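Q: Hints given; two lone chains; assemble the complex.
Same order as they appear, the protein sequences are chains A and B.
Residues in the first sequence are numbered from 1 upward in steps of one, following our numbering.
Residues in the second sequence are numbered from 1001 upward in steps of one, following our numbering.
You may find that some hints are simply not true.
To be verified - Between beta-carbon pairs, the in silico distance windows are:
(1) A:LEU38 / B:VAL1094: 52 to 60 Å
(2) A:GLU158 / B:GLY1081: 50 to 58 Å
(3) B:THR1086 / A:LEU38: 23 to 31 Å
Claimed, not checked - Some chain B residues well away from chain A (every beta-carbon gap over 10 Å; in silico):
(4) ALA1009
(5) GLN1083
(6) VAL1089
(7) VAL1091
By construction, these hints were calculated from the structure, which means they are not laboratory data.
Note that the coordinates shown come from a computational prediction; the quantities given were computed from them, not determined experimentally.
Backbone N, C-alpha and C fix where the C-beta goes; we use that ideal spot for every residue, glycine too.
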Amino acid sequence: MSGGAAALTLACLGFLLVVAYQQTTADEPARSKAREALIQQVQNRREQTAQLQGRADRLGDEVDALRERELGGATAAKLRELEAATGLASVRGSGAKITLADGPTPINPVTGERNTVARVKDSDLQLATNALWSRGAEAIAINGQRLTATSTIRQAGEAVLVDFRPVTTPYEVVAIGPDDLAADFRDGYAGRFFKQLADKYGMSFEATDVANVTLEAATELKLRVAVPSTPPPAPSGYPSAEAQPRNSSSEGGR
Amino acid sequence: MIAVLALFAGVLLGIVLHPTVPVALQPYLPIAVVAALDAVFGGVRAKLDGIFDDKQFVISFISNVLVAALIVYLGDQLGVGTQLSTGVVVVLGVRIFGNVAAIRRHLFSA
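With the rest of the complex left out, here is chain B (with noise of 0.2 Å):
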């Protein structure tokens, strides 16, 4: 319920205080979003599966997002930019299905 409810709040925040992001960080973005996605399945998946853990949760969605950009990061500075990013968001992409899969496993047994 709390979780929820400071999804709503982050929702909110986001859209009153409507921020511009700097250019430099625009390519950070798309793949900060699918870390934080990861982060969040695999969160949902260890609380069905009865083993999460606050503190796994906060620091794997820290980890995820800031491994992602220095990723990214990389990348730029070797100029294979988007190649790297291609890389991040395949990679975590394969996880999110993964952690979907068993999400549904545990919801509807099938």
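The following block holds chain A by itself, in its conformation from the complex (with noise of 0.2 Å):
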């Protein structure tokens, strides 16, 4: 009896074995195959996206086309200019090119520690703007990334955001304004504080004249306050056609 026993104990045993091997081998593709389905998701998504995205420019171009052709010329001439300075449009011209890149930033061999001092803030990029506002400049882009008059630009940890999307050195501030913009800025408060930066940390600084740039429009731009020009037919249960302007809470960039 107890060779039989042991017999069967140990086929139970070789049983066993395997189906813990084939166990493991079937958990394998069950994770991978989640892994796949996961990539297929965001590709899927990612090309619903820039469909949706296609569609938007499409829509929107043909709501300009729609507005111009109702608003007549002079109009629509104005809306076009306002819309340029506003950030909302992109424009064309010449202008000066502000590049400002992190210096520098060894790494201290006893502690550890990494020396930030030379690193671009947020600060020196809203002294920058407002240095180019200040002296002219009708629109300015931060790395591609269109100021407007509620932009916001800050830091988050290491990176620096503008309009909550981040920028990285070097920072090219492309500004359009007049043609003496660059040397006018080289020899402004700013330009002197940042050769003095550059001196002193590292950090390199240029300020050259750029022709012919294309500014991009502002990504987003929310409507925060809209007054009809015609007053409407006032419509039951609103209090108020006009609504108040939101105290908004941007500051830097302008």
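A: Dropping the structure here:
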């Protein structure tokens, strides 16, 4: 009896080993399958986003065309001017390009900490843009990100966010404005300040003239206040047709 | 000889039947394998020591597997299933190494 029992136990054992092996190998494809499914989903969503973006662009163009047809020449031209000034439309022209880049950030061999004193900070970019606005710049973009009246330039940890989108070194502040904008900037307070930073900490700073640059429209500009040009036939339920301007919390940029 | 044949029979059975393990039992599988390995090495050692006993082998195999499963079950109920599984694996691993060392001394006298 006992010999048979031992044989049976060993048979059980072999069975157990095989089941465990099969279970382990069966788990693996399931894991990679899940991963592939996720990748597929991400790609699908990306395509969807691109399609929707294309549709939004097409509809935006359509709206522009219709508006132009309805409003007629003078008003449309005035509207275009306004859009260019506020950052709603792309603009083309000459001006200045301010390039700021992080200096060396050596790691202290003893403490292992990184010395970030030569890094370009949000306040530096704010200073640069404010100086450009004050010297007659009509449109400014940081690394291709167009600034509007409500744009924000803020620091979040190590990254600088322009309108909540991260920008990285080297920072290119391109401004469209008067012809002597670059020279003006260099000689002004901001230019001297950056020159000093460059000399002292190894930051790189450059202000050059640029011609024929195109600044794209701002990606997102929320409509905050709207006033109807003709009083509407007072709809019931609405307390007032005129919306009160919200207290905007934006700073920097301008 | 019969033992080896029985082992092969078990392996073949597993391959042919290709059973699927229910999800609820999956945590017990690795523990059961380790416990069974411990019983096998114990059996081989006893055989080489000349004190192998069929009955003891069978009972030790079954009790090892059951106790290991019980501990993991208890751990699952207490919310420390993975820790207790690790504990079981460590304890059985130590025993397996002890048995293998004894077998090695018998075979190679080293």
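Q: It remains to establish, for every hint, whether it holds in the given structure.
A: Now the hints, each set against the structure:
In this structure, LEU38 (chain A) and VAL1094 (chain B) break the distance hint of 52 to 60 Å, their C-beta atoms being roughly 40 Å apart. Against the hinted window of 50 to 58 Å, the Cβ-Cβ separation of GLU158 (chain A) and GLY1081 (chain B) comes to about 40 Å, which falls outside the hint. A hinted range of 23 to 31 Å holds for the C-beta pair THR1086 (chain B) and LEU38 (chain A), which are about 30 Å apart. Residue-level check failed: ALA1009 (chain B) sits 5 Å from the nearest beta carbon of chain A, not beyond 10 Å.
The non-interface label for GLN1083 (chain B) is consistent with chain A: the shortest C-beta to C-beta separation is roughly 21 Å, beyond 10 Å. Residue-level check passed: VAL1089 (chain B) sits 13 Å from the nearest beta carbon of chain A, beyond 10 Å. At the 10 Å boundary, the C-beta of VAL1091 (chain B) stays outside the reach of chain A, the nearest C-beta of that chain being 19 Å off.
Hint violations for this structure: numbers 1, 2 and 4, all remaining hints satisfied.
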